[in-house]
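Using the sequences plus the hints, can you model the full thing?
In terms of numbering that gives the first Met the number 0, the sequence shown opens at residue 0 and continues consecutively.
Hints are supplied without guarantee of correctness; some may be wrong.
Unchecked claim - Below, in silico cross-link-like pairs of lysine-lysine (DSBU-like), each with a Cα-Cα straight-line distance of 35 Å or less:
1. K92 <-> K31
2. K49 <-> K17
3. K17 <-> K57
4. K47 <-> K85
5. K57 <-> K86
6. K49 <-> K85
7. K85 <-> K31
8. K49 <-> K32
9. K85 <-> K32
10. K31 <-> K49
11. K47 <-> K32
12. K92 <-> K49
13. K17 <-> K32
14. K57 <-> K32
Treat the hints as calculated values from the structure; they're not laboratory data. Please read these numbers as outputs of a predicted model, since none were measured by experiment.
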Amino acid sequence: MQSSSFQDQTLVCRDCNKQFTWTAGEQEFYAKKGFNNAPTRCPDCRAKRKADRLSSRKMTEITCSRCGAHDTVPFEPRGDREVLCKKCFMEAKQGGGVSPTQPVAVSEEPAVEA
0 MQSSSFQDQT
10 LVCRDCNKQF
20 TWTAGEQEFY
30 AKKGFNNAPT
40 RCPDCRAKRK
50 ADRLSSRKMT
60 EITCSRCGAH
70 DTVPFEPRGD
80 REVLCKKCFM
90 EAKQGGGVSP
100 TQPVAVSEEP
110 AVEA
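Below, the structure is given as structure tokens:
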């Protein structure tokens, strides 16, 4: 769809009850991403909600299953899946290699070179 088929809309935030504009450009972005619903919160309330969620995450220290590096992850690892540091996770994600969530056989921790 072209942005000419969208028009700015004035919406009311469900949290603060203030009006905000949902621009034609934002609507086009939503449509391209396959989002079917208009936002229900203004940008400020969306940002606050996201920050609140991120600050409440429990970080867990891990040893990377691939390179042995120490890192933290925002979840409690399961014993039946490998846990990757950020660098190895991004390499696996971009390289099309083994899925970062693929189950692996339980084995000894990788050796950490000094």
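A quick look at each hint next to the structure:
1. For a cut-off of 35 Å, the pair hint linking K92 to K31 stands: about 22 Å separates their Cα positions.
2. In summary, the hint linking K49 to K17 is supported, as the alpha carbons are separated by about 18 Å, within the 35 Å threshold.
3. Proximity of K17 to K57 is assessed by CA-CA distance (about 32 Å); at most 35 Å being required, the pair is judged to hold.
4. At most 35 Å may separate the alpha-carbon atoms for a hinted pair to count; K47 and K85 meet this at roughly 25 Å.
5. Taken as a hint, the K57 and K86 pair is honoured in the structure, with Cα atoms around 20 Å apart against an allowance of 35 Å.
6. About 21 Å separates the Cα atoms of K49 and K85, which keeps this hinted pair within 35 Å; it holds.
7. A threshold of 35 Å between alpha carbons decides the hint, and for K85 with K31 the separation of about 28 Å falls inside it, so the pair holds.
8. Straight-line distance between C-alpha atoms of K49 and K32 comes to about 19 Å, which keeps the hinted pair within the 35 Å bound.
9. Distance hint between K85 and K32 is fulfilled; the C-alpha atoms sit about 25 Å from each other, no more than 35 Å.
10. Our distance criterion of 35 Å between C-alpha atoms is met by K31 and K49, whose separation comes to about 22 Å.
11. The suggested pairing of K47 with K32 holds, with an alpha-carbon distance near 23 Å, which does not exceed 35 Å.
12. For the suggested pair K92 and K49, the alpha carbons sit about 24 Å apart, so the restraint of at most 35 Å is met.
13. A distance of roughly 26 Å separates the Cα atoms of K17 and K32; the hinted pair therefore holds under the 35 Å criterion.
14. For the proposed pair K57 and K32, the alpha carbon gap of about 29 Å is at most 35 Å, so the pair holds.
Violated hints are absent here; each numbered hint is respected by the structure.
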